[in-house]
Every structure is written in C-alpha cells, then in structure tokens.
Amino acid sequence: MLAGHQTWKFVNPPVIVSTATVVGPEEGKGPLGDHFDIVHEDMTLGQDSWEKAERKLMEEAATLAIENAKLTKERVKFFVGGDLLNQIISNSFAARTLSIPYIGVFGACSTSMESLALASLIVSSGAADYAMAGTCSHNCTAEKQFRYPTEYGSQKPPTAQYTVTGAGAAVLAREGDGPVVTAATIGRVVDMGITDPFNMGAAMAPAAVDTIQAHLRDLGIEPDHYDLIVTGDLASVGYKIAVELFAKHGVPIRKTRYYDCGLMIYDLDKQPVQAGGSGCACSAVVAYGHLLKRMRAGELKRILVVATGALLSPLSYQQGESIPCIAHAVAIESGVDA
Amino acid sequence: MDWMQFLWAFLVGGAICVIGQLMIDVLKLTPAHTMTALVVVGAIVDGIMIGKKSLYDRLIEFAGAGATVPITSFGNALVHGALQEYKLHGWIGLITGIFEVTSAGISATIIFSFIAAVLFRPKG
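Protein chains in written order, with our numbering: chain A, 1 to 338; chain B, 1001 to 1124.
The set of hints was computed from the structure by calculation and includes no laboratory data.
Watch out, some of these pointers could steer you wrong.
[What the hints assert, rightly or not] Here are the simulated distance ranges between beta carbons: (1) A:E321 <-> B:I1111: 36 to 44 Å; (2) A:M192 <-> B:L1094: 44 to 52 Å; (3) B:V1040 <-> A:L2: 42 to 50 Å; (4) A:P149 <-> B:C1017: 48 to 56 Å; (5) B:I1095 <-> A:Q318: 28 to 36 Å; (6) B:A1065 <-> A:Y152: 20 to 28 Å; (7) A:G320 <-> B:G1124: 50 to 58 Å; (8) B:M1001 <-> A:S322: 31 to 39 Å; (9) B:G1124 <-> A:H225: 25 to 33 Å; (10) B:A1117 <-> A:Q318: 19 to 27 Å.
[Said to hold, decoys possible] Calculated cross-link-like contacts (lysine-lysine; reagent style BS3-like; alpha-carbon spacing at most 27 Å): (11) A:K270 <-> A:K156; (12) A:K29 <-> A:K255; (13) A:K144 <-> A:K270; (14) A:K240 <-> B:K1028; (15) A:K9 <-> A:K293; (16) A:K156 <-> B:K1053; (17) A:K144 <-> B:K1123; (18) A:K144 <-> A:K29; (19) A:K270 <-> A:K240; (20) A:K29 <-> B:K1123; (21) A:K156 <-> A:K29; (22) A:K77 <-> A:K270; (23) A:K156 <-> B:K1028; (24) A:K9 <-> A:K255; (25) A:K293 <-> A:K270; (26) A:K270 <-> A:K9; (27) A:K144 <-> A:K52; (28) A:K52 <-> B:K1028; (29) A:K144 <-> B:K1028; (30) A:K240 <-> A:K156; (31) A:K301 <-> A:K270.
Here a beta-carbon is modelled for each residue, glycine too, at the ideal position from N, C-alpha and C.
All chains, please: the whole structure from these sequences, using the hints.
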C-alpha cells in the first residue's frame, strides 16, 4: 500500500465511475468550454450572494455526478470535499443539502486532488463501496476573501491569476467501468519565502516539483510512464519556474508532455485572466471534465494530476508572512492492462 | 487663453499618477497605502514654504488642475485648513481647522456613499 515515503499505491484501484463539472461564463468561453457538463451564463446562478452561488455550483456538480453514476445519494457513503472559503463553508453547506456523511478537507487549490486521494483511499481500503470527492471555487468569493471586493476595481499585476468559477465532483467505486486511480502522493508543505499573494504561481511551483519528484522516486518510475503530467494552477509564471526547476533537479520532464490546468482552461490571449486560471475548481474541472473525457475516448492512458495549493490566509499575508505551498498528485489510468 | 497651462496640467497631473503607479507596481504597496502616502506627501509639500507661499501652492499656480485633482491636493488642503485656523484661534485651530477646507470633499463622499448604499446592493 505505502510505496516509498509518501505515496499510496492502491492494490485495489478505485474506479472513477462518474464525474460532473459545472462552470461559469468565462470558463464556458474558454477552449475547454464544450467539455463541461453545465455552463452557467450568470455568475450569480440566481442567488443573492456570491457565496450562495459557489455553494450551488458544488451542489449541482455533486448531484449530477451521483446521477451520472446511476446511484442514489444514500449509496454514496462518504463525501470528501473542501474549498477556499473561510471554514470551507461552500462544501460544508453543500454537504448539509446532500446529507451524505462528510469529511471536510482544506488544501487550498490542491483540495481537488487531496479529496480525490482520500476518497480513493476510503474506497480502496474497503471502508465504503462508493465515495465522492468534490471541490469548488468562485471568482468573486475568492477576490473578496483574498484580494479586494470586486466593486473596488483594484488593479492587478500581470502575475496575478484569475480564480475559476466552477465545481467538480467524482464518484469512486470498488468496481465498475471507467478510469482507475492507481496511486496518490501526498505532498509536503514547501515555503520558498515568497510573500506576494499576486504571484501564487511562483510560490507554488517548488511544491509541485517536490511532489512530482517524490512520486517518481517512491514508485521508481520516470516521467514518460505518463502520457501527460499536469499541474493544477501554476499559470504562465509558475509553469516557467516549474520547467526550470525540473531541469535544475535533473528530472527528465521533456520525455513526457507536461502542462498546467491554469493555462488550459482559458485562452490567455483573448480572455482577461492575467497569468491564467487558479482556484480549487481549476484543476478539478480540467481533470474531471477535459482529461477524463480524453481518457474515456482512449486518447490518454496514464496521467498524473498534481494539484497545487497556496496555504495562505488573508491574515497571514497581511502580517507579512510568506506563503507556504503544497501539491498532491493523483495517478489515473484507463485502458491499461495490469 | 494660455494653452501651455493645459500642457503643464496634463504633465504634472500625469507625473503624480506615474508616481502612484510605481508605488503600486515597484514598491508593492496596496492601493490604500499608496493613497494615504500621497496624501501625506501633499501635506508635507504644503508645509515647505518658499517665500510667502508654500511649495504646493506654487505647484497649483503652475499646473492648475494638474495639482488640484490628484489626491496629493487633499493633504495640501488639510494643512491649509489647520494653519488657517491656527492663525485665527491659536493651537486649538490645528484640531478644528483640519477639515475646514476639506469638508466639502468629505461631506460629498459621505452623502454620495449613502445614496449609492441606498440604491445598490454591493455583493463584493
């Protein structure tokens, strides 16, 4: 089960029997727009606060994922979820609506893979036949909590990132059809002393590289084991730093395709997103919407999704503290004979 | 009409904005810190006397709206009010005079904020 220092290699690989993705208008206009299940044209989703809108995204994604798996919510034994808001209210309140036994987790934007790794562990260990992982983020709630109220119209530097409005959920089963989760690497907290919350990509890149190196070392594999390795939301600034760090540490990342979800979800030349996408939903909707669809279509066989998170709070950076970061990696396979 | 007045207003006002932009981009100050720092700078510049007039007053004479529109003129107005009242009422004037000249701007801010708050529901 435990491989190396920090990797779980699942003996009974849990099957991702269904996923669901719900996004906002900007994501719908992006290059992956057709791959999402629901695209909302209205950022408010008809709610009277951004927080309620974010919660609704999560509820819709979770409900749809259960429907897609042809299950009822009573059969899904555990829901592992988290988000960016204080006290992870979006997921906790969505779990109130879903009334599925709930494990709330926080890993900032790495929550997508943190929740998937934990749900996989639950199913693989036999603790449940079905478990669901989910996460969400909303541009306006994130701006309000971490930066400035949107009405304030504050300027953003080009290194800033655009928080994805969306939610993704995945239902895991002990048996069934679909891609399987073969391994997960839980990251260490890495802090390189960056204090600028408008440059999260640069802060998170070393954490992503650290986790990918640990994953390859623990499993004794090379990057070309995977058809594709994606990081969660490093965006253009962090992606470049990650590529440089791979070269510096002698990781032959060029043997495979390496990309970043924050660069895939938007058209950076046409959409006003500065360095690219960020937020829990960034890696969640790209992985659950786009990448898993490509796996089911047989275009990809083995992928490694490395969700990156900046573990800051508004209070910690206002007090001048640096930004600790983390990354969790989940390996997914489809159509590979064991 | 003195067309050069327009040019100087444009250049001086623009230069003050460039300083503000550099404070945000290079010094990484928040917009709020940038604004308060520029108010303090305006107040200090108004305290520097050259002959009978302060440095900021001379800048206003030279650049007109280029010096009165940017936020630095608020610092200038704070000091002006305080000194004016000081001359009339002594030390207590420093306290009572601060909002003497700026009261129009502050009252307008409060009134228009109130109207905006009544009419709109900000969601942030």
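How the hints compare with the structure:
1. A:E321 <-> B:I1111: 36 to 44 Å: holds (40 Å)
2. A:M192 <-> B:L1094: 44 to 52 Å: holds (49 Å)
3. B:V1040 <-> A:L2: 42 to 50 Å: violated (59 Å)
4. A:P149 <-> B:C1017: 48 to 56 Å: Given a distance of about 23 Å, which is not inside 48 to 56 Å, the answer is violated.
5. B:I1095 <-> A:Q318: 28 to 36 Å: holds (31 Å)
6. B:A1065 <-> A:Y152: 20 to 28 Å: For Y152 of chain A against A1065 of chain B, whose Cβ atoms are near 25 Å apart, the range 20 to 28 Å holds.
7. A:G320 <-> B:G1124: 50 to 58 Å: Since the Cβ atoms of G320 of chain A and G1124 of chain B sit about 24 Å apart, the hinted range of 50 to 58 Å is violated.
8. B:M1001 <-> A:S322: 31 to 39 Å: violated (56 Å)
9. B:G1124 <-> A:H225: 25 to 33 Å: violated (45 Å)
10. B:A1117 <-> A:Q318: 19 to 27 Å: At 26 Å between Cβs, range holds.
11. A:K270 <-> A:K156: holds (17 Å)
12. A:K29 <-> A:K255: Distance of about 32 Å is beyond 27 Å: violated.
13. A:K144 <-> A:K270: The hint holds at about 24 Å.
14. A:K240 <-> B:K1028: Cα-Cα ~22 Å, so holds.
15. A:K9 <-> A:K293: holds (23 Å)
16. A:K156 <-> B:K1053: violated (39 Å)
17. A:K144 <-> B:K1123: holds (9 Å)
18. A:K144 <-> A:K29: holds (23 Å)
19. A:K270 <-> A:K240: The given pair, whose Cα atoms are some 20 Å apart, holds under the 27 Å limit.
20. A:K29 <-> B:K1123: holds (24 Å)
21. A:K156 <-> A:K29: Holds - the C-alpha atoms of K29 of chain A and K156 of chain A are around 22 Å apart, at most 27 Å.
22. A:K77 <-> A:K270: Between K77 of chain A and K270 of chain A the Cα gap is close to 43 Å, so the pair fails against 27 Å, i.e. violated.
23. A:K156 <-> B:K1028: Distance ~11 Å between K156 of chain A and K1028 of chain B Cα, so the pair holds.
24. A:K9 <-> A:K255: Holds: K9 of chain A and K255 of chain A sit about 23 Å apart, inside 27 Å.
25. A:K293 <-> A:K270: Answer holds: K293 of chain A to K270 of chain A is near 25 Å, not above 27 Å.
26. A:K270 <-> A:K9: Roughly 41 Å separates the two Cα atoms, so the pair is violated.
27. A:K144 <-> A:K52: Roughly 14 Å separates the two Cα atoms, so the pair holds.
28. A:K52 <-> B:K1028: violated (33 Å)
29. A:K144 <-> B:K1028: Measuring from Cα to Cα gives roughly 19 Å; hence the hint holds.
30. A:K240 <-> A:K156: With a Cα-Cα distance of about 20 Å, the restraint between K240 of chain A and K156 of chain A holds, given a limit of 27 Å.
31. A:K301 <-> A:K270: violated (31 Å)
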